[in-house]
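Protein chains: 2
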Amino acid sequence: MRWSQAFLPVLKESPSDAQIVSHKLMLRAGLVRQTAAGIYAWLPLGFRVLKKIEQIVREEQDRAGALEMLMPTLQSADLWRESGRYDAYGPEMLRIKDRHEREILYGPTNEEMITALFRDEVKSYRDLPRTLYHIQWKFRDEVRPRFGVMRGREFLMKDAYSFDLDEAGARQSYYTQMLAYLRTFQRMGIQAVPMKAASGPIGGDLSHEFIVLAPTGESEVFYDAAYEEFDWQQSDLRYGDEAGLQGLFDRVNSTYAATDETHDEARWAELPADKQRTGRGIEVGHIFYFGEKYSAAMGLKVSGRDGSMVTPHMGSYGVGVSRLVGAIIEASHDEAGIIWPEAVAPWRVGLVTMRADDEPTVNAADALYARLQEAGVETLYDDRDERGGVKLGSMDLIGLPWQVVIGPRGIAAGTVELKRRSTGEREELSIESALARLTS
Amino acid sequence: MRWSQAFLPVLKESPSDAQIVSHKLMLRAGLVRQTAAGIYAWLPLGFRVLKKIEQIVREEQDRAGALEMLMPTLQSADLWRESGRYDAYGPEMLRIKDRHEREILYGPTNEEMITALFRDEVKSYRDLPRTLYHIQWKFRDEVRPRFGVMRGREFLMKDAYSFDLDEAGARQSYYTQMLAYLRTFQRMGIQAVPMKAASGPIGGDLSHEFIVLAPTGESEVFYDAAYEEFDWQQSDLRYGDEAGLQGLFDRVNSTYAATDETHDEARWAELPADKQRTGRGIEVGHIFYFGEKYSAAMGLKVSGRDGSMVTPHMGSYGVGVSRLVGAIIEASHDEAGIIWPEAVAPWRVGLVTMRADDEPTVNAADALYARLQEAGVETLYDDRDERGGVKLGSMDLIGLPWQVVIGPRGIAAGTVELKRRSTGEREELSIESALARLTS
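These protein sequence lines map, in sequence, to chains A and B. Following the UniProt record's numbering, the numbering of the first sequence begins with 1 at its first residue and continues without gaps. Following the UniProt record's numbering, the numbering of the second sequence begins with 1 at its first residue and continues without gaps.
These aren't lab readings, by the way, just hints derived from the structure by calculation. For every residue, glycine included, the Cβ atom is placed at its ideal position computed from N, Cα and C. Check the hints yourself; a few may be wrong.
Here are the computed lysine to aspartate or glutamate pairs in the EDC-like style, where the Cα-Cα straight-line distance is at most 20 Å [said to hold, decoys possible]: (1) K52/A to E68/B; (2) K97/A to E82/A; (3) K12/B to D120/A; (4) K138/B to E103/A; (5) K51/A to E59/B; (6) K51/A to D62/B; (7) K123/A to E386/B; (8) K52/B to E59/A.
Going by beta-carbon spacing under 8 Å, a handful of chain B positions derived as facing chain A [as the list claims (entries may be wrong)]: (9) P9; (10) T35; (11) L43; (12) P44; (13) L67; (14) M69; (15) P72; (16) T73; (17) P91; (18) L94; (19) D98; (20) L132.
So here's chain A without its partners, still in its complex pose (with noise of 0.2 Å):
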């Protein structure tokens, strides 16, 4: 993409209604702008970021062997009150009525739905177990809608719910979750530890918590260190393997982290010293066992294996994918803007001529950015007519993870520079070496 082609609107100063670092990066490299209370517009930017977090935990729930669907945005309020919802969920709800003034809302959550769509149309064992999922948009109505996209009012959730006929079935789909959870978090190049939890309004007594650390974050964590050095992209633990994910579920479960609500002192004190992590964190993901809760409540029944008839037990399993944009601003920046991870960058490669008006530096540019174009790596070329020092900077606040500065006096040593964001380290290189770094 062509800087000056893009709508990439990057502002100078930091905006003064935003509180937290996210927020003001988000607002100031130009990834969302507010339109309502707790609502937001993607832009360009933040949209790219956005689809590339939705395809991240799309791929991991499909390995997982979730199936994928979508349900809609707006739900019947008859449908919650057969679960007794309805009344049950306070103002977050958006209540609406229709032009026949038939009561609908704007879904928070989808237990409801999915129970009674699973109830219609499932009738046997042989259907069971089955995980399905879907990434839509949900509102909840925050009283004070604040921090940006991370306590936003409309926000994209990739919810999850699974479907056993028995607890020792349930207990495997939930680990498995854990499993992809895990294994999401670290494909986007952050580090979340997954903490056990309150189950809440949902209800049930399986439940675990995914905080992403930053040192921003809304809660204090406490955690073994033993988490930094999980590999669960590379680990041998396979989908379907009972004894692996009950072994999964048990490390997890022997190894410490806690926020400061759950904290254990007398167990924090038998970890070394060395081990214990402290830290603060943001919530991007919580996963729930609740049993027959929305199966009884609204008479899912299958029959089982000897006839009788069965109720599912279930689990549900939310990520908040808007909000995950914001946490990784909040795990990975510095003074100068995002430093994005490689999986979730809105590009790879930023390029910047220093000098718009210089035709060899242009030449140049123009040759490189077609290169990198046919070699399918994903680019910004920033070819605006504005200072080299504005780009520079404008490239930083973006926070793409490689920038090749162009500048006249490069292109007469046949050199350009190659800027890696995250460490600032910087290699004058020939433009043949540029194009192989950043094509291997």
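Add chain B to chain A, keeping to what the hints say.
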């Protein structure tokens, strides 16, 4: 995907509440389920088709230089008061009050929001022209939602908006989208004809509807057979070629096409009888040029080349993404079920075992499935323990382009049956030949 692990609820009976064939088939084949009046959940099969259509729309928008972003579903009423449309819009607009009694609405379209975003960020002629688009759920509170996703209330739309310095520029943007639309629909394997249209409530003086031909269509259409010959993919038209795009527009405008509302008997009579085509059609896209309507009302101005302030000219360009799923089925089905064009099929190949209790059959099918997976051929493998006839019926119903049928007799002879869904042609082939055919 193995059917035994999927969520593909097909119905034996045609549902009684569906009036048109696409709605019936979408329910029977398990593409969607209604969750409230005019609101649908997309089950995995329907979701896959929806995503394929969305992706074709996206790729053709990107190719035409439009920039993707994502605006929220909910909008502030104040934004619509700026254009004067809040009171004008009528009961199709879903009006909502949030917990603080602020007036919001579920967006039926996004002219106001995109104009406000553009106004707040763009100050100079140098940042024009631009076309921005998003693919997002909309809501129109139809008084009598019907015909399934064809006239639902919550629907997925691609809407693009162009900003130009003057009418000449805006016309080029319009022609660019016109070409993108012709290419988009043709890639989906359907015949769509552009027709001059009244501009309707959005306003303006240059507008075309795109009508998909289908025998069950909502309106009668009259068109020149020349439309059947155009190949928009292979044409040498290039985006950015002003004269070429003007030529395209002139050609479309001089090649007869009309709905019964705009039909001109005198012009029709000028067409040789063997070039006259009549039929029925379904609107799947609508493009508008509306000049300064929104920019003037909402105070969008940029500094022009000569320093004076200029009010940009705008256009908007919609495609009914969810509606297309129904329209394609209306255009492509038979007594037995859906016939998906290859480009939008949920899977390319359906693999069927005629006897799930015959070991050689199952082994051969498992092996072929593994090889199709390896070759990257999207395959649905019906491995269920059901009668062969039931499985063949299901496969015809869901309409994958190719069927591979494996049964005991064939396996004894070393062959499988390859069936092309669209023509019903069947061939006995060796497994190797079938594989070669499907991977070529």
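Subject >> In rising order, the numbers of the hints this structure does not comply with >> reply: Per hint list: zero violations.
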